[in-house]
Amino acid sequence: MTAELVRPATLPRLALRGPLDDWAERLAALPPGLSAAPDATLQQLAVRVDPASPGARAVEALVGARLPGPSSCSTSPDGVDVVWLGPDEWLVLAPAARPVPVVALADAVLASGGTVVDVSAQRTTLRLRGEHVPDLLRGGCAVDLHPGVFDPGTAVQTSIAQIGVLLVARAPGGGDVMLVVRSTFAGALADWVLDAATEHLEDAEHLEDAEHPDTTPDAQEPS
Amino acid sequence: MAERIEGRGRLDRSRTLRFTFDGREFTGHPGDTLASALLAADELAVARSSARGRPRGVLAAGAEEPNALVQVEHPFPDPMQLATTLELFDGLVARGLAGRGRLADVPDPARYDTRHAHADVVVVGAGPAGLVAALTAARAGARVVLVDENPEPGGFLLGTDDVLDDRPALEWVAAARAELATHEDVLHLQRTTAVGSYDDGLVLALEKRTDHLGAAAPRNLARQRVWRVRARHVVTATGAYERPVVFRDNDRPGVLLASSARTYLHRYGVLAGRDVVVFTCDDAAYAAALDLAAAGAAVRVLDARPAAPAAWASRCTAAGVPVRAAVVVTGTLGTDRVEGVRVADITGGAVGTGGELACDLLLVSGGWNPAVQLFSQSGGALRYDTELGGFVPAAPLPTVHVAGAARGELGLGQALRDGERSAVDVLTALGLPAPASSLPRPPRGPERSPGLLLWRVPQDGDGTEEFVDLQRDATVADVRRAVGAGLRSVEHVKRYTTIGTAHDQGRTSGVITSGLVAELLGRTVADLGVTKYRPPTVPVAFAAFAGRNRGDLYDPVRRTAVHAWHVEHGAVFEDVGMWKRPRYYPRRRPDGTTEDMDTAVLRECAAVRTGVGILDGSTLGGISVHGPDAGEFLDLMYTNVMSSLKVGSVRYGVMCGVDGTVLDDGTVLRRGEEEFLVSTTTGAAAKVLDWMEEWLQTEWPHLHVHLTSVTDQWAVFPVVGPLSRAVVGEFAPGVDVANDAFPFMTWRATEVDDVPVLLSRVSFSGELAYEVMVDSRYAAAVWERLVAIGAPHGITPYGTETMHVLRAEKGYPIIGQDTDGTVTPHDLGLGWAVSRKKVDFVGKRSFSRPANLDPARRQLVGLLPLEAGVLVPEGSQLVAAAEIPPPPVPMLGFVTSSYRSAALGRTFALALVAGGRARIGEQAYAVVDGRTVAVEITSSVLVDPEGARRDG
Amino acid sequence: MQLIECPWCGPREEAEFSYGGQAHVPYPADPSALSDEEWAHYVFFRDNTAGVWAERWMHATACRRWFNAVRDTRTHAFLATYRPGDPSPDLTAAGTGAGRG
Amino acid sequence: MSTAPATGVPEHPALLWRNPDPKPSYDVVIVGGGGHGLATAHYLAKNHGITNVAVLEKGWLAGGNMARNTTLIRSNYLWDESAAIYEHSLKLWETLEEDLDYPILFSQRGVLNLAHTLQDVRDSVRRVGANVLNGVDAEWVDTAGVAELCPIVNTSPDIRYPVLGATYQPRAGIAKHDYVAWGLARRADEAGIDLIQDCEVLGFTTDGDRVTGVRTSRGDIACGTLALCAAGRTSTLTDELGFRVPLQSHPLQALVSELLEPVHPTVVMSNAVHVYVSQAHKGELVMGAGVDSYNGYGQRGSFHIVERQMAAAVELFPVFARAHVLRTWGGVVDVTPDASPIVGRTPYENVYLNCGWGTGGFKATPGVGWCLAHTIATGEPHPYNAPFTLDRFVTGRLVDEHGAAAVAH
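Residue numbers (the working numbering), protein chains in the order written: chain A, 1 to 223; chain B, 1 to 952; chain C, 1 to 101; chain D, 1 to 409.
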């Protein structure tokens, strides 16, 4: 082990770090026509409630958006997304600045036999934007991204290269999509996006070697 | 002799491409294939036959070519290319193959990828039928994908001088291509071959994106791409392959299919011979005869039918092309190339006296085999069309349609009408209005007269020189021998003779073989059928199907939130499922050398037992179980009672399969009346969640329970060792960490810097331990703070290897290492965790089967080698005696875990031993490299059996 | 590779699903009352129909719900899919079931 | 050690079998003309002099799994009962070419079962240890050993799942499946046994706990003893006979490449990086992987299984990148809950059952033929197939070759 463990003078206050912090630099250097912005700050709540129950209406009132049907997403005026995950299951994603009152929400669904669990760290998000995004996604995802089929309001759970991903459409045709992925798979998804971007590089010269660039820092040997 | 002629071909003659074939330099032009460039240089022989070493030349112009298999050496070794489909590029180095290709011995630098596409209809083939089908559908607003194997659309039109609306047909093709480009919902892919047609409109197609650029191909572009087109309807407009006729020495270079010679003329500007004999049973060969004559060749036509078709005969007469009917070719003359043919009259199937004709090119046409591969792969049934002498779709499938020559509709006019008809069928099924018909007008050609069914020219001789499958060197003699040996099925004949097993999958030999077998057995071809069509239709590189799933992307790498810290601190990792887990942290010594694993692990173990260690346990599964029936549900899933667990407490649980074998184990925290937090082993996390969901959804939907995966929500850091209390106490000042305030198997919730933290007194090492659980976004910060606080106490990060040693010293089993799918809780000595009170739980009934009550079942015990320092390898078998008798030797059991123990100052192991608990105190022998190592069977708990260390 | 009609998400690629074998084989009401043979038949024996039968699937990469399907194991073709708890559609009528996308 | 694949392909004999019409009655009727049915017929004649036998095949002889498997032969199975019957079979393979006087291209080039995780290593050491004590040639080789035995395996430490070593059985190998079938068929035919093709069994005639005959697409045939060797279609027959067997029939896919110069000297199998591959005599790479998860009799499988197999193949063998898939197909394998066969008695006094071989059918061909012939001839199971009873699923005495395969800690 390289550095001997030493106790610093002052202990820094606990700070939030996203699963993709170590990829930020590389994701920022994607070719034109393709940008990828990680965001691990969203409050995320797993809500289970009978869609026909009073609890469901209470959730809609508190969140300010209706509980959408299959493969759909509704968004409140404050930018809170509610995504369908299953017949009685939704994922609420709220900006860090405008969180949803968790306790109130939990109480609202309790009477209807519902459940609310804070899962803000269970998944993280990667916002893909640009003209190359549909082509990039079609390189690993079987979902139809055609305008009219994949428009804002659509949210589809599927997989990309063995990685479970939730696609939330932000613009028709897949040019602006929020990917929601399990935190421990986020690095693997980012590696996949970086590798897929090779196709859209302006010039190939700076491609160090044609083998897949080893983006993972964890070489087996001690560094 | 074959040569390039002026004024013909779709080549860019302004640019010259240099290439090397069989060590000799040649030139060609963009638009050439390797085959056309070789023909232009009069190089007829391209390979030696695989078994008999006979010279072989190009027979065809496309994927049906049986002979011209070439090995590409530059830009990169490629063992399987067809000269007839390999687009020429500058700097190509290739050589003829005698059947076996050579793989490169260095990794392939090229990239490969895949693309998904969706359409209302996918059209395969951009010939006249396919282009019309695509245009008709596009005009109706349907989403269309059109794929075609050639560099440019047109199909067979590329190889003819046909006209449409009195203009060259290729002008209509260009207009069609341009119009398709205006439709936003049309994806038109050339150089893309449909290789498979699967269920529900899935068509797989391989796009060659940069092969034609050779070494100039941009390295960042995928060389080849697998398209996965999911369409509601499929239209296969794949045309038909011309069929040869079998006769003696039909394999000599200089024998071409009639339509292929026409293609070499019109598409590549190559006149394949100056003195041409055309031997045909079908009208189509006449067009080839007339075109080659018009290009300056001396051509004569031999028609095997009793009478030549009048219209074509008169055209030949006008062009000075002599036509002779009721005549067959019985053999070719010459050495390495055709110099002449033997001919003979044929009346009523009987061959009369013969003569010889000099020629330098022999064109052959035995009729047409519709390309039904994709239709057949989709499950479509085939029907033998006696007039055509080939198999056609018996009836269309609901979503797979066939248009044009692919279903026997030969001729340009039929192809155009059938393409439109297939599109209208699709649009009708889709509920879209069909656009007005606007087909181009084909010229009024002669009516097609019936072809003659002639698989083989009747002639004596043993048939050893009459070739049926040129690539496999399989002859009429082989077919006769197969039938003579008792084989009746064409599948048997194929395997016996190897006919149809090469790269061309029997395109020119399959139907002929069925014809020959039918004649030998006196049965009909319809009755015999043909061998099964299977994907892919053309060979596809392994790497193309692998796509980008290579290297680190072969399988996702799963990382905990503290991964970067582990890397910076020199962790050596281990693969656990998809996870990378630190196995140990080798320290660099002052002299610059680095600890080996054993040294590092002994240090880490000693630190945990005497000071304080910290482990990244975030890979453990976490499931939040909510609802009024949560307790009842967990009682059904676990062997022990969970519903009695008090809020604030933790309980260890074992979970079994229905067959009573251990599926997983872990701890359960009760966080509220209706809320439990379940932890699982790393390996079983996904499996346990699925297992619980399966029971809830399909057996007990009446239970009000909700499951939520929180594996990635919570990071889990065991802080372990006598000094752990001090470290955790300082880290979480809001919690009284003293033993009586915070006893074993309880948990406390607190906050650190306003971040919610759970602490639980769970120990997997027998030491005083606190598991620190936090939102994984704060995990890195919490880990660093714990390490900072612990530094003065000598806190030591430890990996999975040390964790294994510590838990094994306490006899705690690891599911998946100390179990193998046949082990029950009782076998592991976990009978105490199996409730006797509960009426039922998953697996309980299996415990009372005879096999489960057998005292000889293997049970988990400890082992101490009599020689204290000997490390018995994990997996070693255990036998009863020091001397190993001759096999089969009865085995008592095997070693599941084996380590050096800092605490014991010696090696020890755990093992599953038949009737193990009753043997404690006895000796057994571990077999290591053929010799025995004496071991004493002990209790499985070797360190601190009384549990004194647990509370610090 | 087929499109499977998830009763909630609609038609999806077969690779998104995991298989659960024969459907409508309920967990015995009282396992302790069963003979070893009866218990073995629940644990290990299932039909192995060469033809149309009812089986279980789970939409693993999306809604993660279990559902049943009527499928012809000879052609692999799906005839219908339906929610657990619903009765299996009449197999003959299922020939024209909604399962066909 | 391993021999390079032979170049030429040998000549076949002039006569294989007679294609007789079925007689009204036989002493023994074997349902299923695949490798197991033909081997049983051969050994009935050779070991027991029983030749009034008919083998009924619904399609063309050996056209089922016998024509569709990846031709691997090995006996390095974990449990004593499995090792015994597979090793017995391997010993018979070693003399089969002479016994049949037919060029079956039997090539003992060894098999490597790769280990990619620490648990793989433990399981490997355990299996090798059990093999040796059961008289099966087996050794553990480390990563360098793997590279030496099969240089084209990617043994670098930084691939996704590095190769940590392998079990190696030198006597394992491959054979040409069609020729094995035709060699067995020819011997049986020579002995006077009737091989009846295009003869599908549609039903049975019974008398109490005896089956008196079979109703087929080519008429009724009476039988003294009946043996079921129908592999994936066994359940259809046992349903007809009114007793249940714990089989599930799954597609098992395989594929071949074009002919290549010899590059792969041995047989390599990997579970974690899921593929197994050998190079046949003419030079084609023959590859397989796991079953498709769903029940299926269509003799075909789903593409995503092939796609994963190709990614595994190129990961483990980088030099295979530009080898080409020439043809893909599927068989129908009958899998039991413990991945071990059922070979022995049924509720009918004169009916014997051979099924449940899953992916291990080809390698067992001579061994199970020998044992089933013994069982038919003597009415008693041979010691090698005695443990593989139908009732083991009731007692719980399974022979679990699925094994742990679980991921530890």
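Careful, some of the hints might be misleading.
Stated by the list, open to error - EDC-like mimics (lysine to aspartate or glutamate), calculated; alpha carbons at most 20 Å apart, straight line: (1) LYS532(B) with ASP385(B); (2) LYS837(B) with ASP30(C); (3) LYS687(B) with GLU673(B); (4) LYS844(B) with ASP47(C); (5) LYS646(B) with ASP629(B); (6) LYS208(B) with GLU307(D); (7) LYS844(B) with ASP36(C); (8) LYS208(B) with GLU152(B); (9) LYS91(D) with ASP27(D); (10) LYS532(B) with GLU465(B); (11) LYS844(B) with GLU37(C); (12) LYS58(D) with GLU922(B); (13) LYS46(D) with GLU380(D); (14) LYS208(B) with GLU60(A); (15) LYS532(B) with ASP198(D); (16) LYS837(B) with GLU632(B); (17) LYS838(B) with ASP30(C); (18) LYS58(D) with ASP198(D); (19) LYS844(B) with GLU38(C); (20) LYS687(B) with GLU674(B); (21) LYS646(B) with ASP690(B); (22) LYS46(D) with GLU11(D); (23) LYS23(D) with GLU11(D); (24) LYS58(D) with ASP425(B); (25) LYS58(D) with ASP239(D).
The hints are simulated quantities; they were obtained by calculation from the structure and are not laboratory data.
Output the numbers, in ascending order, of every earlier hint that fails for this structure.
3, 4, 9, 10, 12, 14, 20, 21, 22, 23 and 24
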